[in-house]
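Order-wise, the sequence lines are chains A and B. Position one of the first sequence corresponds to residue 1 (our numbering), numbered consecutively onward. Position one of the second sequence corresponds to residue 1 (our numbering), numbered consecutively onward.
In case anyone wonders, no lab produced these hints; they're calculated from the structure. Check each hint, because a few of them may be wrong.
Unchecked claim - Below 25 Å or equal to it, Euclidean Cα-Cα: the simulated DSS-like pairs (lysine-lysine) are:
id: 1; chain 1: A; residue 1: Lys50; chain 2: A; residue 2: Lys197
id: 2; chain 1: A; residue 1: Lys2; chain 2: A; residue 2: Lys198
id: 3; chain 1: A; residue 1: Lys234; chain 2: B; residue 2: Lys204
id: 4; chain 1: B; residue 1: Lys282; chain 2: B; residue 2: Lys321
id: 5; chain 1: A; residue 1: Lys234; chain 2: B; residue 2: Lys321
id: 6; chain 1: A; residue 1: Lys198; chain 2: A; residue 2: Lys54
id: 7; chain 1: B; residue 1: Lys282; chain 2: B; residue 2: Lys204
id: 8; chain 1: B; residue 1: Lys53; chain 2: B; residue 2: Lys204
id: 9; chain 1: A; residue 1: Lys234; chain 2: B; residue 2: Lys282
id: 10; chain 1: A; residue 1: Lys191; chain 2: A; residue 2: Lys54
id: 11; chain 1: A; residue 1: Lys18; chain 2: B; residue 2: Lys282
id: 12; chain 1: A; residue 1: Lys50; chain 2: A; residue 2: Lys191
id: 13; chain 1: B; residue 1: Lys53; chain 2: A; residue 2: Lys234
id: 14; chain 1: B; residue 1: Lys282; chain 2: B; residue 2: Lys122
id: 15; chain 1: A; residue 1: Lys234; chain 2: A; residue 2: Lys2
Unchecked claim - Estimated spans, in silico, between C-beta atoms of each pair:
id: 16; chain 1: B; residue 1: Asp147; chain 2: A; residue 2: Arg186; range: 43 to 49 Å
id: 17; chain 1: B; residue 1: Glu202; chain 2: A; residue 2: Ala92; range: 34 to 40 Å
id: 18; chain 1: A; residue 1: Glu57; chain 2: B; residue 2: Arg123; range: 47 to 53 Å
id: 19; chain 1: B; residue 1: Pro246; chain 2: A; residue 2: Arg253; range: 30 to 36 Å
Every residue gets a Cβ at the ideal spot worked out from N, C-alpha and C, and that includes glycine.
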Amino acid sequence: MKIVVLVKQVPDTFGERKLDTTTGLLDRDASEPIIDEINERALEAALQQKDADKSVEVVALSMGPSSATDALRKALAMGADRAIHVLDDSLAGADVARTTAVIGAAVASEGFDLVVAGNESTDGRGGVLASSLAETLGVAALTSIGELTVDGTSVSGVRATEYGTVTARADLPAVVSATERAPEGRFPNFKGIMTAKKKPLATVTLAELGVGDSGARSTVVSVAERPARTAGVKIVDDGTAATQLAEFLASNRLI
Amino acid sequence: MPNILVFVETSASGELRSNPAGALSAAAAIGTPVAVVTVSPGSGAAVADTLGKLGAAHVFIAESASAATLLATPQAAALAAAAAEYDASAVLIEGTTDGRDIAGRLVARLGAALLADAVALKRDGDRLVATHSVFGGAYTVESTVEDGPVVVTVRPGAFEATSATATPAIKTVALDADGSASAVIDSVVEEKAVSSRPELREAKTVVSGGRGLGAADKFVLVEQLADALGAAVGASRAAVDAGWIPSNHQVGQTGTTVSPDLYIALGISGAIQHRAGMQTAKTIVAINKDADAPIFDVADFGIVGDVFSVVPQLIDAVASKN
Ligand SMILES: Cc1cc2nc3c(=O)[nH]c(=O)nc-3n(C[C@H](O)[C@H](O)[C@H](O)COP(=O)(O)OP(=O)(O)OC[C@H]3O[C@@H](n4cnc5c(N)ncnc54)[C@H](O)[C@@H]3O)c2cc1C
Ligand SMILES: Nc1ncnc2c1ncn2[C@@H]1O[C@H](COP(=O)(O)O)[C@@H](O)[C@H]1O
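Isolated chain B (complex conformation) (with noise of 0.2 Å):
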């Protein structure tokens, strides 16, 4: 079984970030899972434990004085030093932000290939094959890398948690990452995770809002369905462009691809670079005053009316059923 390396995302102060399970989940079925994380010193200890109960077989913990002041450059130093020590054939890296900083470095630095994007993974042989949903989902795509070292972009919440628990052989190494050409970070402002609403990549059922809902103060609606349903908040660029939320809960084209069980979008039109985002989603509902918005085509359950006195009501009638 070829060792396969996954990038493990973690915050400043040394938590693990988002579910790594996944990408794990990914690797053990193409190979063994390595997993790689990048700490100051003496932090990486009570992570390693964590990621042995998400499947990983051994844990590489790089520490280094510059893990949280240097953007991508310590991260991609400690996944090269790991591909040497464990002869890896492929690198997995979460499509983050930080994560696709990274994998660009990787790529260069190890001469490797990427697959970007990737929502599954397979062995084929000796090969390794990706599937792609390209163009919002209207093609799917698969590619491959003849030879050579592997770098793939894992699309966030696209791989299910099914590996096991593994007592993880673990080594630590430090690293002297070299700052010289490296973007340096001043500060870091963690956006709190509100109440317990789930991430929008990951939720079984995402509530979006748009232009539709007119202020700041009305967005709050969105929010109040959402809680009702347990469900991520979205929003239309048009939403974030207005300052109601922040870029980060951005569904669509430029925003978070999401394929959740349920998609409501509330006064949003569905211009085709927001259905790119969310037209994956298996059921979906909008809510738009609209009769001839294009969100109506792609809709399961479309109703026709005004968000300010149908989404109240569907509060009520959701805790009713309750």
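Extracted from the complex, chain A is given alone in its bound form (with noise of 0.2 Å):
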């Protein structure tokens, strides 16, 4: 079985994300690149596949800037067999529509039986692309999983929703997505890291992949920061906290 894992690489959350004011686009050297958290809970969710069966074979993908490598050494390091980065300069800015054109004609070629992606990146929050990747495929999305079940033509979890919880299941080859509620990712160990710089690692072009420029975009049209908030009245409390703080609510019609 072969699982590709996709791997984002964000501005790390807790530092200060910043956004190029004129651009739009995000601020690469206000913070610190990493990979997104819950791409390790993704890659851990294949990784715990292969620990079941030696055959499983993890290829971890990302699309991104060159420092992307960073990501992808990390999930070498984890435990990843190999690594594709799809690099190309014209795809800064690129959009959730051409990210999934891209990233579908990347694991097409590659071929896989299951392709395990976060529910929702940090910084873009869109959280469409695994069910988009699916439709281009052409195969099943089972999105938001907490933990997964698979077995050798199926995959199976439940999925949290805004209104209670739901069991679901597909069959292979399918798109899946990992919440914050899966495992947490391993830590690389020492030799997880030395392997990690020699396994391989593949650089791919747009031209390679053959994927043209895709239809409708979307683009920024303005940015704004806002003013950071301010600290108001701080008390400790002495016994009268609490009615003071009710005074402040009543007083400012909160209650």
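Take the two lone chains, each set in its own frame, and fit them into one complex as the hints suggest.
Quick look at the structure:
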């Protein structure tokens, strides 16, 4: 079985993230680029299949600027067998439709039984890539799954929605997406870090994938930064804090 | 006026989910709102009337035997059919878990562009311009699509209901959904709305609890204050991870983004990822026993104190004000 894990490099959410207010694009110098935590969970889901069955091959795939190599090396250190980096200058600022088309072409040319993505990225937060990719590839999408169960022919899991929980399954090949409720990614061990340097990491361009320009595109019109919030009153409870708060709420018509 | 499709989510038994009034109003402001529902055969008529009352000029009812058994594909097929039927210039879909799946399929199916997580929409000549609140509200970004079909995921709860009642023109079609490339739903457990508590995304007041509550049985304190204030219940990721509350209550970077009039954080440190989901609230109150907790940097009223002594007193003080 071949599992392709989609890995996106994002600005670390622990840092101050910035947009370039003229282009609307991410200011890549403002914060440290890291592998998105949700993709470590997606990778973990794939690696657990490999733990159970050594014949499972795990391929990490990323589309992004040259720095995305670091995210892929991390995936290799965690235990992925190989990595593919779709790298092309014309991809800067690619929207969801274009990202889907490009990743779709890369995954199709690689071949797969299962694709595992994150349910949403912490920078884009579009949360549509997995289903859009499944439509592009003509396969089932089983999205927003906490814990995956994979057998030789199908994948199943429980998805938590705003309204409750849904148990669902799909025949392979399929695209799935993992949520934060999926197990955390493992730490790379020393051996993993050492072997990661020797594992294959292939770079492909759009020309090699045969992807042309896509149709409709979304573009940024304007970007405005909001002033940061400032701290208000802070009191130390001396037994009257609750009454003072109730007064504050009442005088602001909040109760 | 261009036709604007609005996808309306229904439960497995065909009842309307959440409140599509906001999305219908958003559509009415930029064109003629056409509500699209996908239901099991025979259960569409009941919702059409309600959708008219919420402002839909047309209701497109796609009846499919697999409406409740296949994941997203019947709904995407219904929207693609409706887009052709009404020559729609845009499709609005609430950005829920299901809504985003449907949007993803539709974008690929129509060769459309996506405007994701819109909090406002306007028309600028022929173009549709969406406003997005990015990085936890640190930036306001406007985006558009130069030409071609547009799919918009709208942030749940971000749009006010303003539309007047309409008597909708109703069209019902039978939809054959091909299940070969779709996930199959085996079972659904709907979370019962707890008492009359408002929905997190739409509530005017949100009371959230974090790791500081210490244990599942102590988390009820959060619920008690919420009920005293008529508020929705939220939580930090730490509280969700601990299993004290279901994940759909998580507020933050990877949870729900809320913008209520009043947000009260109990025993929450205010990690940057939590703040990303609540710092656009009008008024923020924090109770935390650590005077250095970062939540105080964004709080309008902060109390350095123990939630177990302050909150019960607060519940009493609120009761005596009412
Ligand atoms: C990619 C990513 C996404 C994330 N997304 C989210 C998200 O969406 N939402 C989210 O919340 N977090 C998110 N996090 C996690 C975040 O970094 C924090 O770990 C989390 O918010 C901490 O939750 P907490 O404040 O409840 O716990 P803690 O940070 O442990 O804080 C508990 C607080 O309770 C106080 N306390 C303890 N006892 C009492 C008492 N008796 N009375 C008063 N105060 C008390 C303590 O002083 C402390 O400040 C994310 C992290 C990552 C990496
Ligand atoms: N440029 C990219 N390269 C690789 N994977 C991606 C990329 N963009 C999105 N993804 C995958 O799609 C998931 C959801 O992303 P999004 O739809 O942008 O929220 C991510 O967690 C990744 O698994």
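Tested hints:
no.	hint	result
1	A:Lys50 to A:Lys197	holds, 20 Å
2	A:Lys2 to A:Lys198	holds, 20 Å
3	A:Lys234 to B:Lys204	holds, 23 Å
4	B:Lys282 to B:Lys321	holds, 22 Å
5	A:Lys234 to B:Lys321	holds, 22 Å
6	A:Lys198 to A:Lys54	holds, 19 Å
7	B:Lys282 to B:Lys204	holds, 10 Å
8	B:Lys53 to B:Lys204	holds, 24 Å
9	A:Lys234 to B:Lys282	holds, 17 Å
10	A:Lys191 to A:Lys54	holds, 17 Å
11	A:Lys18 to B:Lys282	holds, 23 Å
12	A:Lys50 to A:Lys191	holds, 17 Å
13	B:Lys53 to A:Lys234	violated, 47 Å
14	B:Lys282 to B:Lys122	holds, 24 Å
15	A:Lys234 to A:Lys2	violated, 56 Å
16	B:Asp147 to A:Arg186: 43 to 49 Å	holds, 46 Å
17	B:Glu202 to A:Ala92: 34 to 40 Å	holds, 37 Å
18	A:Glu57 to B:Arg123: 47 to 53 Å	holds, 50 Å
19	B:Pro246 to A:Arg253: 30 to 36 Å	holds, 32 Å
Hint compliance for this structure: hints 13, 15 are not met, and every other hint is.
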